[in-house]
Amino acid sequence: MKNALIATVLVLVCSLFVQPLSASPEDNVRLYQDYFKKRFPNIDFQEFANGVYAVNAQLRENWEAIEEFPPYEPFVERGESMWNTAFANGKSYADCFQNGPGSKHLYPQWSKEQGKVITLALAINQCREANGEKPLKYKKGPINDILAYMAYESRGQLTNVVIPADDPRALEAYKQGKEFYFTRRGQLNFSCSHCHFSSSGMNLRSDVLSPAVGQTTGWPVYRSKWGTVGTLHRRYTGCNKQVRAKPFPAQGEEYRNLEYFHTHMSNGVVLNGPSSRK
Amino acid sequence: MGVLLKYILISIVTTGMLLSTGLFADVSAAEDAEFATLLSEAKAAQKKANSVGGEWRDVGKFLKQAEQAAADGDFEKATKLAQKAKTQCELGYEQAVSQKGKAGHPSYLQ
Numbered sequence: 030m031k032n033a034l035i036a037t038v039l040v041l042v043c044s045l046f047v048q049p050l051s052a053s054p055e056d057n058v059r060l061y062q063d064y065f066k067k068r069f070p071n072i073d074f075q076e077f078a079n080g081v082y083a084v085n086a087q088l089r090e091n092w093e094a095i096e097e098f099p100p101y102e103p104f105v106e107r108g109e110s111m112w113n114t115a116f117a118n119g120k121s122y123a124d125c126f127q128n129g130p131g132s133k134h135l136y137p138q139w140s141k142e143q144g145k146v147i148t149l150a151l152a153i154n155q156c157r158e159a160n161g162e163k164p165l166k167y168k169k170g171p172i173n174d175i176l177a178y179m180a181y182e183s184r185g186q187l188t189n190v191v192i193p194a195d196d197p198r199a200l201e202a203y204k205q206g207k208e209f210y211f212t213r214r215g216q217l218n219f220s221c222s223h224c225h226f227s228s229s230g231m232n233l234r235s236d237v238l239s240p241a242v243g244q245t246t247g248w249p250v251y252r253s254k255w256g257t258v259g260t261l262h263r264r265y266t267g268c269n270k271q272v273r274a275k276p277f278p279a280q281g282e283e284y285r286n287l288e289y290f291h292t293h294m295s296n297g298v299v300l301n302g303p304s305s306r307k
Numbered sequence: 065m066g067v068l069l070k071y072i073l074i075s076i077v078t079t080g081m082l083l084s085t086g087l088f089a090d091v092s093a094a095e096d097a098e099f100a101t102l103l104s105e106a107k108a109a110q111k112k113a114n115s116v117g118g119e120w121r122d123v124g125k126f127l128k129q130a131e132q133a134a135a136d137g138d139f140e141k142a143t144k145l146a147q148k149a150k151t152q153c154e155l156g157y158e159q160a161v162s163q164k165g166k167a168g169h170p171s172y173l174q
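Protein sequences, first through last, are from chains D and L.
The numbering used here numbers the first residue of the first sequence as 30 and each following residue consecutively.
The numbering used here numbers the first residue of the second sequence as 65 and each following residue consecutively.
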């Protein structure tokens, strides 16, 4: 009896210390989403998909005007014709994506066979290469067309990143992404969370900072500053550079793991790509 | 002025000129070597910072500019830039290594 009591106390004491370290991805999602729900109590949860326009009324007004004539429309149209055009070997994207173009909600996904995170952009290039086509560049150019079309066809699905329990490497990739997210970087010594958690909704020079939850749902994005549609990894590049850190290669392991973690925190938020931003 | 004096003067001036060019050549050779050492140290520091994902944004640019300045003979500028690159790499390396395996939730998320 006494032993049992001691054992119970020991277990309790240990769990006090262990818990924060071994918090599961599901615990984390709750933690992050609750943080933003509390920070922005008057915002409907699904509104987070609209980034900064969910939290700033004035910017939202300009944005709604822009969305009346969506600047990404020609990209979606070009992407549709890419989807419908056969590769030189007679096959097409449809042979790689069994669920059709509306497959974005399945990515980023863990591939047990390849032992890595597969993003939609990577899957597109793997499809091309398997069929003898040249891979597309990952930040600018036609990859945004096919991504825009697939995002458009996936609208209304919910973010649902899965971290399969049967392969510990998947959880490891998630943890790598999480560590990346909370690591201070660059001459300014900022982590992503400095801007997109504790300063979300606040001004940074001429920008208002968007909350981290919901940041992954709208890609690819037409940005006025870019004058075109660009990928999520292009945005990661920009945010790394802002703090004067050297960016990492688009679709390299760092950004893919980051995307895995970063998208997972928006589980349950609606997909609404492509979208437009300042 | 006597012819002799003229010769003496001319020879003083020429020796001076010869000496000083030699001296300058020595100085610039020394600067060259010093800069080369600093540059290779800076590049090694860059590699090291990069190996832990800690390189800062402008290091590559500073190094390029340093090499250009050295090529133009402006060793003061070249040295300044290379030194800046090296220091930033050392700081970036420390920054990354000090957080490896530790970076996690800030206090407001605990």
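None of these hints come from the bench; they were simulated from the model.
It should be emphasised that the depicted structure is a prediction, and the values quoted were computed from it without experimental measurement.
Some clues are possibly wrong.
Once the Cα atoms are required to be at most 16 Å apart in a straight line, the calculated EDC-like pairs of lysine to aspartate or glutamate come out as [unchecked claim]: (1) 145(D) - 201(D); (2) 141(D) - 76(D); (3) 120(D) - 76(D); (4) 145(D) - 76(D); (5) 307(D) - 236(D); (6) 107(L) - 138(L); (7) 164(L) - 208(D); (8) 128(L) - 140(L); (9) 164(L) - 283(D); (10) 164(L) - 201(D); (11) 166(L) - 93(D); (12) 254(D) - 236(D); (13) 166(L) - 195(D); (14) 166(D) - 182(D); (15) 120(D) - 158(D); (16) 107(L) - 154(L); (17) 112(L) - 158(L); (18) 270(D) - 122(L).
A short, non-exhaustive set of chain L residues, derived as facing chain D with CB atoms under 7 Å [stated by the list, open to error]: (19) 93; (20) 99; (21) 105; (22) 121; (23) 161; (24) 163; (25) 167.
Virtual Cβ for every residue (Gly too), placed ideally from N, Cα, C.
Hints, verified against the model:
no., hint, result
1, 145(D) - 201(D), "holds (10 Å)"
2, 141(D) - 76(D), "violated (34 Å)"
3, 120(D) - 76(D), "violated (39 Å)"
4, 145(D) - 76(D), "violated (31 Å)"
5, 307(D) - 236(D), "holds (9 Å)"
6, 107(L) - 138(L), "violated (19 Å)"
7, 164(L) - 208(D), "holds (8 Å)"
8, 128(L) - 140(L), "holds (15 Å)"
9, 164(L) - 283(D), "holds (14 Å)"
10, 164(L) - 201(D), "holds (14 Å)"
11, 166(L) - 93(D), "violated (42 Å)"
12, 254(D) - 236(D), "holds (12 Å)"
13, 166(L) - 195(D), "violated (26 Å)"
14, 166(D) - 182(D), "violated (22 Å)"
15, 120(D) - 158(D), "holds (12 Å)"
16, 107(L) - 154(L), "holds (11 Å)"
17, 112(L) - 158(L), "holds (10 Å)"
18, 270(D) - 122(L), "holds (9 Å)"
19, 93, "violated (34 Å)"
20, 99, "violated (24 Å)"
21, 105, "violated (19 Å)"
22, 121, "holds (4 Å)"
23, 161, "violated (11 Å)"
24, 163, "holds (5 Å)"
25, 167, "holds (4 Å)"
Hint violations for this structure: numbers 2, 3, 4, 6, 11, 13, 14, 19, 20, 21 and 23, all remaining hints satisfied.
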